[in-house]
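Chain order of the listed sequences is A and B. The first sequence runs 1 to 258 under my numbering. The second sequence runs 1 to 262 under my numbering.
Careful: at least some of the hints might be erroneous.
So the derived label-pair ranges between C-beta atoms look like this [stated by the list, open to error]:
| # | chain 1 | residue 1 | chain 2 | residue 2 | range |
| --- | --- | --- | --- | --- | --- |
| 1 | B | Gly53 | A | Asp72 | 52 to 62 Å |
| 2 | A | Glu240 | B | Leu13 | 46 to 56 Å |
| 3 | B | Leu241 | A | Gly14 | 32 to 42 Å |
In short, the hints are calculated from the structure, not lab data. On a predicted model such as this, the values are computed, not experimentally measured, just so you know. By construction, the Cβ of each residue, glycine as well, lies at the ideal position given by its N, Cα and C atoms.
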Amino acid sequence: MIEVDRVGRSFTVGRGRARRTVHAVRDLSFTVGAGEFVGCLGPNGAGKSTTIKMLTGILAPTSGRLRVAGLDPTRRRTVLARRIGVVFGQRTTLWWDLPLKDSFQLIRYLYKVDRNDFRRRLDELTGLLELGPFMDTPVRQLSLGQRMRGDVTAALLHDPAVLVLDEPTIGLDVVSKVAMRDFLRRLNAERGTTVLLTTHDLGDIEKLCRRVMLIDRGRLGFDGTLDELRATAPGEESLEDVVARLYTGPAPDAPAPR
Amino acid sequence: MVRTYLLLAWTWLRASAQYPVSLAMLTLGSFAVNALDVAAVWVVFQHTETLAGFGLAEVMFLYGTADMAFALADMLFGNVDRLSAHIRAGSFDVMLIRPAGTFVQMATDRFGVHRLGRLAQSAVVLGIALPALEPGWDRAWMIPVMITCGVVIFASVFTLGGALQFLLTDAPEVANAFTYGGNALTQYPLNVYGEQLVKAVTFVVPLAFVNWQPALYVLDRPDPLGLPHWLRFAAPLAALLLALAAAAAWRAGIRRYRSTGS
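All chains should be modelled from the sequences, with the hints used to inform the complete structure.
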């Protein structure tokens, strides 16, 4: 479903003499199969968001090859947009001044969702995420938890095969977090939607992800199951300590030149 | 594309209706500010019979056509010049995940009817100028053509300005020199400016085709600078070339897009 092959993305920063090239992502390779639930960890500035942006067609990679649902995200951006759902924890994709239900209606038109499919999916999502009471509220008046549920609904109305979430639980209270996790787990289990999420919350990883990837300094530092992750640091009690040790360890090796 | 445009524009209109007072004030304000522009033309003609060889009705014709083209372009596409604000806020990322063109989404962003104020005012000016000039139908056919071309030219300049912001996120005002500056420039007979400037806006940034060259045809005037006669029919070609350049620049900008941190 997602194929990343020796992908790199560099940025030129600064001006004149201070000009230099920053490699946000370098030589990153991994694949995600249909129906997988993958969590992406990594310190701030490790390249997680850059990776997500390349997968969703926001950023063009400077090197390597990318395929999502069989499509090149940069070249086929608008086609891909109909097949994937994207949620940014840090910003909304809804229309600030419109009531929630109007935002959804607009999404139906933009994504050309069949009227009956839309009705059915919206009813289902409204029930699961308990959106009913604030469907008529303008998005700007929603609390963060309500808005996030709205954002997740918006990302799923066109029934995407892949759902990509960039820090979906950031800033949510405990109850909202649990509700969000339950929803994502059911989505993956019952509908078979492929889910890729980035997070700093290890609870997300423990509760949800069968597979964990760690991106560190633009490279893949670890890729495996949760148990394999724990096994990298025998003796450490909590997952937090295991991950902290990985973060502070030596940089992942560059893959051997082919 | 047109369907998406109408859909998004309608959405933003409904969103702006959430603040009806603001909407009314902006519309009135836009009308009033532009009325001051007309007043300036009138003041000039209190001191002189002609401006660079053009009478009051002729100058008002030039003014009205330039403003009508600009008002339409500004209303339909002018929002693309707010690109850098969207890039900095990260909301441009959101546009990129939608199954719609970024240009349509930018153009309709916060679409509002408050810009109708300017359009109404240019219609009033033309409503005064045209009966005074009474151009024959053998020449008046050029008027809708020139306004259409003017809209395309101004829209292309807006787009070029927007595309520039992919590179210069910090300097959105650079483009204003050509958009709002271009509008101010074309409000008067071009021969009041120096010859070098007229040649620049004829052959480099083709603002002379917004109204000046086709207007010479409508008014049946010889070119004061002696430029070739065929130029007054070249507006559609100039508009097409500029639109192609603008589209290419926008695409190049998207490829160079760097997003923000986080």
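Tested hints:
1. Separated by about 59 Å at the C-beta atoms, B/Gly53 and A/Asp72 satisfy the suggested range of 52 to 62 Å.
2. A/Glu240 and B/Leu13 have their C-beta atoms about 50 Å apart, which keeps the hinted 46 to 56 Å range intact.
3. A hinted range of 32 to 42 Å holds for the C-beta pair B/Leu241 and A/Gly14, which are about 36 Å apart.
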